[in-house]
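Asker: All chains, please: the whole structure from these sequences, using the hints.
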Amino acid sequence: MNGSGLAPETRTHLIRSCERIVGPEGVISAPDELRVYECDALTFYHRVMPDLVVLPTSTQQVADVVRLCREAGVPFLPRGAGTGLSGGATPDAGGVMIVLTRMNRILDIDVPSRLATVEAGFINLWLTNAVKRHGLFYAPDPASQQACSIGGNVAENAGGPHCLKYGVTTNHVLGATVVLPDGEVRQLGGKIQDRPGYDLLGVFVGSEGTLGICTEVTVRLLPQPEAVKTLLAVFRTIEEASNAVSGIIARGIIPVAMEMLDREIIKAVEANVKAGYPLDAGAVLLIELDGPRAEIEAEAVGVEATCREHGCIELRVARTDEERALLWKGRKEAAGSVGRITHHYYLQDAVVPRSKLPKILREIGEIGGRYGLIIANVFHAGDGNIHPLICFDLTTPGDLDRAIAAGSEIMKRCIEAGGSVSGEHGIGHEKRDYLPLMYSPADLAAMLRVRAVFDPAGLCNPGKIFPADRPEGHGDRNLQSPAMTAVSDR
Amino acid sequence: MPVATSLTDGLHAIVGADGVFTGPALAEYRLGPATPHAVVFPRDESEVSRLLRLAWEEGLAVVPWGSGGHQSLGYPPSRYDLALNLRRLNRVLEYEPADMTATAQAGIRLADLQRHLESGRQFLPLDPPLASQATLGGILGGNLSGPLRCRYGTARDLVLGIRVAHADGTITKGGAKVVKNVTGYDITKLYLGSHGTLGVILEATFRVYPRPPAEQAWWLSTPELEAAHALAIRILGSHLAPSRVELLDGPAGRACGSPAQGPALFVSIAGVPEAIRAQANDLARMAGEFGSVTTEDPAAPRTWAGLSDFPWLNAERNGKGHGAIWRGGVLPSDCARGMRAIHEASSEWADTAMAASVAHGIVRGTFRAETPEALARSLAASREVLAALGGFLVVLDAPAPVRAQVDVWGPPLDGVGVMQRLKAAFDAKGILNPGRFVGGI
Ligand SMILES: Cc1cc2nc3c(=O)[nH]c(=O)nc-3n(C[C@H](O)[C@H](O)[C@H](O)COP(=O)(O)OP(=O)(O)OC[C@H]3O[C@@H](n4cnc5c(N)ncnc54)[C@H](O)[C@@H]3O)c2cc1C
Numbered sequence: 001m002n003g004s005g006l007a008p009e010t011r012t013h014l015i016r017s018c019e020r021i022v023g024p025e026g027v028i029s030a031p032d033e034l035r036v037y038e039c040d041a042l043t044f045y046h047r048v049m050p051d052l053v054v055l056p057t058s059t060q061q062v063a064d065v066v067r068l069c070r071e072a073g074v075p076f077l078p079r080g081a082g083t084g085l086s087g088g089a090t091p092d093a094g095g096v097m098i099v100l101t102r103m104n105r106i107l108d109i110d111v112p113s114r115l116a117t118v119e120a121g122f123i124n125l126w127l128t129n130a131v132k133r134h135g136l137f138y139a140p141d142p143a144s145q146q147a148c149s150i151g152g153n154v155a156e157n158a159g160g161p162h163c164l165k166y167g168v169t170t171n172h173v174l175g176a177t178v179v180l181p182d183g184e185v186r187q188l189g190g191k192i193q194d195r196p197g198y199d200l201l202g203v204f205v206g207s208e209g210t211l212g213i214c215t216e217v218t219v220r221l222l223p224q225p226e227a228v229k230t231l232l233a234v235f236r237t238i239e240e241a242s243n244a245v246s247g248i249i250a251r252g253i254i255p256v257a258m259e260m261l262d263r264e265i266i267k268a269v270e271a272n273v274k275a276g277y278p279l280d281a282g283a284v285l286l287i288e289l290d291g292p293r294a295e296i297e298a299e300a301v302g303v304e305a306t307c308r309e310h311g312c313i314e315l316r317v318a319r320t321d322e323e324r325a326l327l328w329k330g331r332k333e334a335a336g337s338v339g340r341i342t343h344h345y346y347l348q349d350a351v352v353p354r355s356k357l358p359k360i361l362r363e364i365g366e367i368g369g370r371y372g373l374i375i376a377n378v379f380h381a382g383d384g385n386i387h388p389l390i391c392f393d394l395t396t397p398g399d400l401d402r403a404i405a406a407g408s409e410i411m412k413r414c415i416e417a418g419g420s421v422s423g424e425h426g427i428g429h430e431k432r433d434y435l436p437l438m439y440s441p442a443d444l445a446a447m448l449r450v451r452a453v454f455d456p457a458g459l460c461n462p463g464k465i466f467p468a469d470r471p472e473g474h475g476d477r478n479l480q481s482p483a484m485t486a487v488s489d490r
Numbered sequence: 001m002p003v004a005t006s007l008t009d010g011l012h013a014i015v016g017a018d019g020v021f022t023g024p025a026l027a028e029y030r031l032g033p034a035t036p037h038a039v040v041f042p043r044d045e046s047e048v049s050r051l052l053r054l055a056w057e058e059g060l061a062v063v064p065w066g067s068g069g070h071q072s073l074g075y076p077p078s079r080y081d082l083a084l085n086l087r088r089l090n091r092v093l094e095y096e097p098a099d100m101t102a103t104a105q106a107g108i109r110l111a112d113l114q115r116h117l118e119s120g121r122q123f124l125p126l127d128p129p130l131a132s133q134a135t136l137g138g139i140l141g142g143n144l145s146g147p148l149r150c151r152y153g154t155a156r157d158l159v160l161g162i163r164v165a166h167a168d169g170t171i172t173k174g175g176a177k178v179v180k181n182v183t184g185y186d187i188t189k190l191y192l193g194s195h196g197t198l199g200v201i202l203e204a205t206f207r208v209y210p211r212p213p214a215e216q217a218w219w220l221s222t223p224e225l226e227a228a229h230a231l232a233i234r235i236l237g238s239h240l241a242p243s244r245v246e247l248l249d250g251p252a253g254r255a256c257g258s259p260a261q262g263p264a265l266f267v268s269i270a271g272v273p274e275a276i277r278a279q280a281n282d283l284a285r286m287a288g289e290f291g292s293v294t295t296e297d298p299a300a301p302r303t304w305a306g307l308s309d310f311p312w313l314n315a316e317r318n319g320k321g322h323g324a325i326w327r328g329g330v331l332p333s334d335c336a337r338g339m340r341a342i343h344e345a346s347s348e349w350a351d352t353a354m355a356a357s358v359a360h361g362i363v364r365g366t367f368r369a370e371t372p373e374a375l376a377r378s379l380a381a382s383r384e385v386l387a388a389l390g391g392f393l394v395v396l397d398a399p400a401p402v403r404a405q406v407d408v409w410g411p412p413l414d415g416v417g418v419m420q421r422l423k424a425a426f427d428a429k430g431i432l433n434p435g436r437f438v439g440g441i
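These protein sequence lines map, in sequence, to chains E and Y.
Letter 399 of the first sequence, counting from 1, is numbered 399 in the numbering used here, and no numbers are missing.
Letter 279 of the second sequence, counting from 1, is numbered 279 in the numbering used here, and no numbers are missing.
Worth flagging that the hints you see were computed from the coordinates, not collected in a lab.
Take these hints with a grain of salt, some might be off.
Computed footprint of chain E on chain Y, listed as stretches where at least three residues anywhere in the stretch have a Cβ under 8 Å from a Cβ of chain E [said to hold, decoys possible]: (1) 90–98; (2) 150–159; (3) 174–182; (4) 266–277.
Partner residues are not named here, just some residues of chain E that face chain Y (Cβ under 7 Å, in silico) [what the hints assert, rightly or not]: (5) Gln-193; (6) Asp-433; (7) Leu-435; (8) Ala-442; (9) Ala-446.
Using N, Cα and C, we set each Cβ at its ideal position, and we do this for glycine too.
Answerer: Next up, the structure:
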């Protein structure tokens, strides 16, 4: 659908002006071509077509397009590769979509200072590939890293399997060139750290395209570790596997990754790619250690002992790079394999304190049972970041609604357990009405003030993050009252 | 100035008579020319909230106060009615070793929190200057860090969630108590390093780390600063996993216990003993490539306190009459260039001692000079040479006559307009630490 209700002459004016700014080849306005942009990777609900798509090639062009939108009072939103899973890169109701994929150059690699600056449309995996020969890598590695953009990573504060040890995007981004919603270009942070002032970069990271459009990003690179060790531990139950996760952490060992796959996922993966996971297992835990060789050898002994203490029935250690790739293959292909067990699935993302993993997984099982839905789990266990895949069939009436209801129950349980409704996929459109479960009206009011400072006109990616009943987040400003009202619950 | 009785009554009603000091006790709360009318000691967050509500309604300027150790940062407040001492908010609220997270109130001293975390053989890897007295609130408000950031990052990497009292007394939270969280804006980051100008930090939840089983440290000395720096870059780009890599000029090295007279690199490595041994061998080999002599540091734990604190100790030493403490930033690859340029720019007027955390390009040090004018000239000239490298310099402490001649924060940076608008949105009446931060915030 095309929902903005732009007057035809406004639309024509925007198309002409954008063509002047970026050239005719950088503007998409034909309805059949716009359809590509009607959703991100959250495909089964909230499809809305933009009025037009613009593909700029420079910061200046982005700024010019933003200024144009602002003058015309038309909403706009940034989009990277469109792999987001919360509907953030789908228009709320039409408007201009600014797609960064043509801004995909490396601008600078500084090997001695271990920094790289790239344009926002640069693909995540390309970065590690580009700096490999210098013995460096870029740590945040979302499972979508072959496709997703660094700009999208910044906007979603993306994580990945190896973030357990290295941290998420915000821990690796040092600076960004940002076009603010008023069209001004600002440098937030930079190659040189600790400049005095508010940490505007820190609040920009994870703002899901609502505080402006970043066009260039400076990131920290890390030296490749001396050695890597990958282990696969097989457990009879997911409970035992979760206890092993806590046990490893309790020993003072922080693996670089601890990923868990449950029985359903193992079934799907084996049907699809034959990673060699035992079909009778209740869960497999993929554990990776990296660092100085002697350090990880000592840690591996601790990991093995802990897994055995918690009932591990089989332990494999990769001896070669090929074996390591095979152990990872099942994890990497997990989401793609789920098609083997279901027509459709709703991928959820939430976090609990690590020690609450056994409890939440038990509850997810119960919820699935109650709704008559299979819920498969593949997740970043070391961080307590769960990813239940709620299986359903769009052609079965009521199935989608049941899946969404089950998802919502899982979210509530995670919050009760002291967790969060998103660890890495963000709030976007999908979860905006869950936010009040975590934050009081006063907490949200503080965030909305930040929004109002950056985007007083409310034109930059409206309809995202903030609950539908908080219109201040979506362009209607009513933030005059200085005092915030309620006191937050602890 | 006498305190209006009605105000004293209002404060007493909130915190009790023993929670309000006036009179001579206020001397230690003096900032620049200003002394507050009263200092208040709330017992819990609801008292903080009510105190702020009162201040908001009366338009009283409030300075949040931890240990006071770093109150020299920034401009003196433009208005100053109340000091809000948070030292009674000093509890650890939650600590779950298996989750590697802990929540503590802002008034707790870092040293006391560390003692608490010992029970789980964990620690909060922050080593700000004057760590023995510093409180969490002060460390977070100033975003203070030390050499350990080489391995663990800064408060912005370690704080997962925060609870804040706003200017009007409203209490809000940001973030969560889990290690990953993308839910709304990461507003926590705004309060870190905001010097108490956006809200009063009440408590924070941290990611904590296992205490390494062992740690060892070495002094690697070279005749020239540049060689020591090149060695640091080599180490940081290698597979070694050091906890600290500090480049020190001769005077800073001597103040911290370096066996050499000239420049030196200080490196510490933590982990299991066999891994430390293996890395020590590699370290010695790399040092050899740069013609450096490697000496194990026998006094390691004492040394790392010194590495954080030496500018403060040095500034108080006898010698030339006036001292200033500063911090600057350059690219990691420019540390030696920056330090040499500072030396050349200031040596005519001042004695210098400085060190750089090479991994992050943070340089900090002291000047001592005969006159305030000479100090001011050294600071201004050093700021200029760092600016030529794209860097900056902030004056952390200096006598008032020096402050009158050099702007402690330096020239305004990009985005200062956004910062001023944020301040206005969070504290419309300008009652929190008014006038102390960049851009007159
Ligand atoms: C199979 C699969 C696996 C995934 N695995 C992970 C994972 O392991 N970890 C993880 O964190 N995520 C994962 N994701 C989610 C997604 O890949 C990430 O959120 C990613 O960061 C999105 O990047 P993108 O370029 O596709 O952004 P888009 O989807 O295009 O946009 C996402 C959001 O960012 C905003 N945005 C995009 N570009 C910019 C910009 N330049 N400036 C400002 N805002 C911008 C958009 O407005 C939108 O709100 C996965 C997705 C898929 C499909």
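Asker: Going through the earlier hints one by one, which of them does the structure break, listed in rising order?
Answerer: Violated hint (a single one): 6; every other hint is consistent with the structure.
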